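Asker: Letter by letter, the chains look like this.
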Amino acid sequence: MDFGKLFQLIIAASLINNFVFTRFLGLCIFFGVSKKMETAVGMSITFTAVMVISSALSWVVFKFIMVPLQLEFLKIIVFIGIIAAFVQSADTIMKKISPSLYYKLGIYLALITTNCIILAVPLINAGEGYSFIESMAFGLGSGIGFALALVIMASIREKLELADIPAPFRGLPISFIVAGLIALAFTGFSGLITL
Amino acid sequence: MAHTDKSNWELIKNGMFSENTIFRMAISLCPSIAVTNSLKNGFFMGVAVIFVQTMVNLTVSLIRNFINPKIRIPIFMLIIAGYVSLIDMSMAAFARPVYKQIGLYIQLIVAFASIFARAEVFAVKNKIVPSVADGFGMGVGFFLAMIVISFFRELLGKGALWGIPIVPGHPLLIMILPAGGFFAVGLLMGFFNWMDMKLTARKAAQGTTR
Numbered sequence: 001m002d003f004g005k006l007f008q009l010i011i012a013a014s015l016i017n018n019f020v021f022t023r024f025l026g027l028c029i030f031f032g033v034s035k036k037m038e039t040a041v042g043m044s045i046t047f048t049a050v051m052v053i054s055s056a057l058s059w060v061v062f063k064f065i066m067v068p069l070q071l072e073f074l075k076i077i078v079f080i081g082i083i084a085a086f087v088q089s090a091d092t093i094m095k096k097i098s099p100s101l102y103y104k105l106g107i108y109l110a111l112i113t114t115n116c117i118i119l120a121v122p123l124i125n126a127g128e129g130y131s132f133i134e135s136m137a138f139g140l141g142s143g144i145g146f147a148l149a150l151v152i153m154a155s156i157r158e159k160l161e162l163a164d165i166p167a168p169f170r171g172l173p174i175s176f177i178v179a180g181l182i183a184l185a186f187t188g189f190s191g192l193i194t195l
Numbered sequence: 001m002a003h004t005d006k007s008n009w010e011l012i013k014n015g016m017f018s019e020n021t022i023f024r025m026a027i028s029l030c031p032s033i034a035v036t037n038s039l040k041n042g043f044f045m046g047v048a049v050i051f052v053q054t055m056v057n058l059t060v061s062l063i064r065n066f067i068n069p070k071i072r073i074p075i076f077m078l079i080i081a082g083y084v085s086l087i088d089m090s091m092a093a094f095a096r097p098v099y100k101q102i103g104l105y106i107q108l109i110v111a112f113a114s115i116f117a118r119a120e121v122f123a124v125k126n127k128i129v130p131s132v133a134d135g136f137g138m139g140v141g142f143f144l145a146m147i148v149i150s151f152f153r154e155l156l157g158k159g160a161l162w163g164i165p166i167v168p169g170h171p172l173l174i175m176i177l178p179a180g181g182f183f184a185v186g187l188l189m190g191f192f193n194w195m196d197m198k199l200t201a202r203k204a205a206q207g208t209t210r
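Listed in order, the protein sequences are those of chains P and R. Residue 1 is where the first sequence starts when you use our numbering, and the numbers rise one by one after that. Residue 1 is where the second sequence starts when you use our numbering, and the numbers rise one by one after that.
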């Protein structure tokens, strides 16, 4: 396997095609949990882990079950089923094996099933025809990109609490404008690597 | 919310304005930025959501007495995913050029919090007609939000509407760039908040003078 290409894929997924700032996915979670640094970090860790594992699982199912049976058109239903089942079982296993970890990250797990990023990663993997390793690299890169976005946003929003903002813009509207500015900065990454 | 006693029109209005998915509840935000770079994309996305939301509410309401509460979440997921696949394939067949741009986001309607929430909060507990009205209202509210955002973005960013040029030149290229989407939604949200504050202030003033 060509490590250079994998590295490129990770960089491309995390910086150039950052999920939040150039593909606009996972915005609900992005605006929902970026109020505090601590929750943002917890969410990022959970997300990255779930993303890598679910992209691996759905790649196996897609390649060895759905393609041979010509069931590609069911991919939306099947992927969301896989993710829901995986998240549910991770939830149960974590509760049994490591209650302290569950106490910290459990609430984020519950939120994940209805999140578009987690579903988008397997759908893009299937669409682009990535190999097994490439799929996992793409999942990892996307997770890192999401984590980066969350941490940047959380650190800015913690400061925003102290700022004097016009009343109608308090809360979400100003966060959107801040996100716009970050997105503008992220367009600077485009053209960093040409795949 | 138990059985609702609001009229159907009130339910539709509720979804369109006071509980507008994007500007009020601030959920299902992803497509509000991703597909609003032109009026056409926004329009098709809105239509797809109206369809899915109405049909999901109808179906859930129809079978509400047969759903075991313990397994309701997977059942809702299946119903939603079914309708989304339907609209996904229809658009792939009949609206090819648009589908190429917004296909991924159409598939991701599955993960919309708003659709799931209406099934869970409203359709399971209510009769068919109010459920359909509620779903339709919510869908139209989303549709309107998409139209407003994409109207401003296409007009300012390309000087065109529905692909037809209106203003010559490239006035504000930034509005169709990714960043512009965030700005547009932020500014519109701020504007609606401002209107809301003015209106409540006026109502309060009228109340005291009376």
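Hint data in this document are derived by calculation from the structure and do not stem from the laboratory. A quick note: this is a predicted structure, and the numbers were derived from the prediction, not measured. Any given hint could turn out to be false.
Said to hold, decoys possible - No farther apart than 20 Å at their CA atoms in a straight line, the calculated lysine to aspartate or glutamate pairs in the DMTMM-like style are these: (1) 35(P) / 128(P); (2) 63(P) / 134(P); (3) 70(R) / 128(P); (4) 125(R) / 196(R); (5) 104(P) / 164(P); (6) 36(P) / 158(P); (7) 100(R) / 128(P); (8) 100(R) / 72(P); (9) 36(P) / 164(P).
As the list claims (entries may be wrong) - Pair by pair, the computed Cβ-Cβ distance ranges are: (10) 68(P) / 165(R): 32 to 38 Å; (11) 67(R) / 185(P): 43 to 49 Å; (12) 49(P) / 147(R): 55 to 61 Å.
Unchecked claim - Not the full set, but computed from the structure, chain P residues with beta-carbon under 7 Å of chain R: (13) 22; (14) 27; (15) 168; (16) 177.
Where is the CB? At the ideal position from N, CA and C, for every residue including glycine.
Asker: Any hints from earlier that this structure breaks? Give me their numbers in increasing order, please.
Answerer: Going through the list in order, the structure violates hints 1, 3, 4, 5, 10 and 12 and respects the others.
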